[in-house]
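> For reference, the chains in residue letters:
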Amino acid sequence: MQSHHRTAVEAFARPSSPRSRGTPRLAAPLARVRSAAATLTVAFATLAAGITSVHAQSACDGPLAASGAVVRFLTQATFGPTREDICALARMVEREGSEAEAFEAWIDQQLRMPATPLADHFDPDSGNYQHSLSRRLAWFEAAVGAPDQLRQRLAFALSELFVVSEKDGTLSRREGQVGLQRYYNMLLAHAFGDYRALIERVTFDPVMGHYLTVVRSQAATGPDGAQPDENYAREILQLMSIGLDLLRPNGQPRLDRDGNRIPTFDQDTILAFARAFTGLNYDLGEVDDNPCRGWAGRGTDFTRPMVLCDRFHDHGEKRLLAESSSAAIIPAGQGAERDIRDALDNIAGHPNVSPFLARRLIERFVTSNPSPAYIRRVADAFDNSGGNLGATVKAVLLDDEARSERVADRDYAGKMREPLLLVTGLWRAFDGSLEGLDPRIARIEPFGQSPQASPSVFNFFQPEYQPAIDTSAVRLPAYIEDSGLYAPEMQVMTELATIQTHNDLRVLIHGNASQVPLALDDELAMLRRTPEELVSHLDQLLLAGTMSEALHTAIARVIESPATNSEWPLRQRLYDILYLIVTSPEFAVQR
Amino acid sequence: MSNANFSRRQFLNGCAAMGAAGASASLANLFHIGQAVAATTTASDYKALVCVFLLGGNDSFNMLVPLGAAYGDYASARGAIAVPEGSAIAIDSAGYAGRNDDNRAFGLHPALGAGAANGGLAALYEGGSMALLANVGTLLEPIRDADEYKAGTSRLPSYLFAHNHQQLQWQTADGSAGVQAAAGWGGRLAEEMIRHNANDATLLPELSMNISLAGQHAFLGADSVIPYAMSASGIERLVVPGTDGGIRQSTLRRTLLGLLGVPNHLMADHLAATKQRAYDVAEMLSGLYQETSVDGTLYPAESSLGAQLQAVARMIDISRNALGVRRQIYLCTLGGWDTHADQTVRQGALLAELGQALHAFHATTRAMGIGHEVTTFTGSDFGRTFNSNGDGSDHGWGGHQIIVGDAVAGGDIHGQVPELRLGSALDTGRGRFIPTTSVDQYAATLARWFGADDIATVMPNIGSFASADVGFMRG
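Chain order of the listed sequences is A and B. Residue 144 in numbering that gives the first Met the number 0 sits at position 145 of the first sequence, and the numbers go up by one each step. Residue 228 in numbering that gives the first Met the number 0 sits at position 229 of the second sequence, and the numbers go up by one each step.
No lab work stands behind these hints, which were simulated from the structure alone. Ideal Cβ positions, reconstructed from N, Cα and C, are used throughout, including at glycine. Incorrect hints may appear among the rest.
Computed list of chain B residues with no C-beta within reach of chain A, every gap over 12 Å [said to hold, decoys possible]:
1) H195
2) G220
3) P240
4) G241
5) G260
6) T427
Distance condition first, Cα-Cα at most 25 Å in a straight line; then the derived SDA-like pairs of lysine to any residue [stated by the list, open to error]:
7) K149/B with N163/B
8) K149/B with I269/A
9) K149/B with G224/A
10) K149/B with A362/B
11) K166/A with K149/B
12) K149/B with R260/A
13) K166/A with S455/A
14) K166/A with N184/A
15) K149/B with A465/B
16) K149/B with Y128/A
17) K166/A with N163/B
18) K166/A with Y128/A
19) K149/B with N184/A
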């Protein structure tokens, strides 16, 4: 079923040299643009009345100059490249003399930028669903408009690692929605800080406390009595720090003498962590400082960090992760606060943390199938910076495996574009309107994805997801041959969802009678005067100059259609061209 | 089967005519073609399996509650999450008692019964079309007791008590430790039935035997089986810009479909193939789907599971009557069962929804005359700790499952209910009971009813267990 695609590879007249992003100099891909344009010359003849010269421009208006490497980088590091960002970064490349230095300078600039928190659009008088929309609108505004793009993008990645979700009775309601946004702002504030500090904020956060039910978990009432809640203890270990298997520094599983994977923890470890996390309570002590206030009741507070009630804490000795560089045995009787901090030190000191997080971050920004060496380099950056997340994400983005265009040309390179990023990317590329933001944007859930709305703590898709892709006709590196090809985002891309999302994108691009949210005047002018310039402009802006011949031809078919202007007005043709690109299989992949 | 081949041509001509006209006026026509064909090819031999997977791990020790003498141990282990003895719906378990020399009395959670608008599952149990399979779970080989477990000599499924891996183990159950992606047993069962040409007469081979109402899960897939994922809200067609029959729309349609066939990248190609399948099936089925309807009054209001099961009923109707399909496996899910906290309220609501939905769906199949041909069964990540954590329970292992249908040996509890006491022989800690029936045995029993004769291919590890049929299906 799947193999006929591969056999067709030879038959299809693909450019014999790999898509020509090969050289890092800005003007280099022009040759390919020219050759692509040449193949279309005939097609354009019917519409192109104007002059058809192709030339690089460094100004930020008019057709976008060839800048594949810059666009690729910004696609990985932001919620989608804007024309302004592309021009600015291209100028930095000229100034610094190399892409590597310019990209590093750009990241350093971003690392220094203060966080733009999500705006408060909540209307206290409105209902639960409106609160959800208000939160999503604020998220979309920041994703599309905030200048601290790298921080925004990292916070989004962290929200998929330290998952809390509105798909929970309490958090779907008003106070919960406000709490979810405050939690997100906490992630934004700490995104470039240290991992150890972040997990402390997460552990004490009342939204997490509710979501993973650690709030008001208490010491056992007797050997056969109620025991501490194991939920948070298990998931912080499995999903947020060390995972299930002992790892080598390059992220590959460590094996025992029989070749089996070695579990990072057993049920006794979970119980010990669950005991360490007892005594957390909502901060309801407004009238006094009693941290035990309301312990037996149902009162909640999602605005302030949780507090510790020693009375319900388990004060016994706890045996935690022996592999950690930080003490594995928490002695009895040192109090709840010290216990929790020691437990978090024990987690953060585990050698799995750096390769585990390295892989998770690489997956969100660059590729679903990083080489062990890439994971190792990023893990080293994490360790060498004392677990600093800003330094780690910098290593993710500047790594040769992220930057190499030779790597990007491979048949398995990169990742599926994260669904929400399809929409933010479109808005940023065409300066989409945020004015009185169209509710359609807030409601849109490409492939079911909406910020902080995953079905469970396991996120929208799982990192281990491996679609049934026949790879037999492709030469894969040994590390992929061994483990299989991962494509986490593909888990949500079902038959149903491909059609729904295709239809959603149509609505977004074509707008309605009264409003088209994208600013497309420049593109319309290009289509009118020099359509081949429009094609190379869109190729650069949306696909970093990698547009396939097939997509070129498809666009030409729209441009050259003999339909009259009233049958198929120029503006509709432009929307349709965009629609073809954005819904094309090749655009679904971020290389 | 020349008759069927002729019919398929007719059917496709009907579809092509519809595509060209692009109008829904021809849909009824198409439906009639389908029905005419069905009259000659139908499938007296139709069967469907419907898996309802309870995501998160159902605390089934509150679904089936010991009454009488055994209630004391139950109440003390469960504390605040115990179902009050007086509220449980006492059931007749004489069959179970006789087979197992076990005279414990049992009751169902109250939300499964009287409170439910349609009588819920308790009514089905009483009427003989619902059975329970007790203490089933993931195993690689039988484990006698907790001592054997603690000795560390038994082969164990990997990552016990972890949601994602136990879902995977449950849905694949192929005897491997479950580290890497594998075929689901629903997928392997479909392969087995395809080998027996089960759906050869269908008018729409593009439609997979296996259909998910709940997105991608391991259960339905296999090497040669790509499940079809649809929505409870119906079958959505691709809407292409432009007016029907106009040059703009036809150019765009041709162009964007053309792009799906051009190889580009392993992941892009996979997505393109998915979209192409989705397009093909939706073009052919959305009209037929609109023609069907289900009496929704019995289903719980605003219920995701209720909506999924109504969609299943409509698909069964089309598949059996218009397409000549003989075998189908469906997957529905209901989330929210990970009740670490606030369990009494949350699980009560979920059980009420589950019970009403399963009851309503069974009533629908009866109304369609296929109460014996459709078997619905539950699965879940794991059972939960018998011991409470205050107001909830934590991840466990063995747990009870529900099977509904007129071919079910209902009104009975199959398998063995463990001694429901902390520290009992099967307790590995906090009442995480070792399963006494494996998922393999559960699946094999269903597979045999479904018509598979090579059970060892479908369930390759079945030989590790005493029996491939644990008796909850009649005949």
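> Just pull the numbers of the violated hints for me, sorted ascending.
Checked against the structure, the hints that fail are numbers 2, 3, 4, 5, 6, 10, 11, 16 and 19, while the rest are satisfied.
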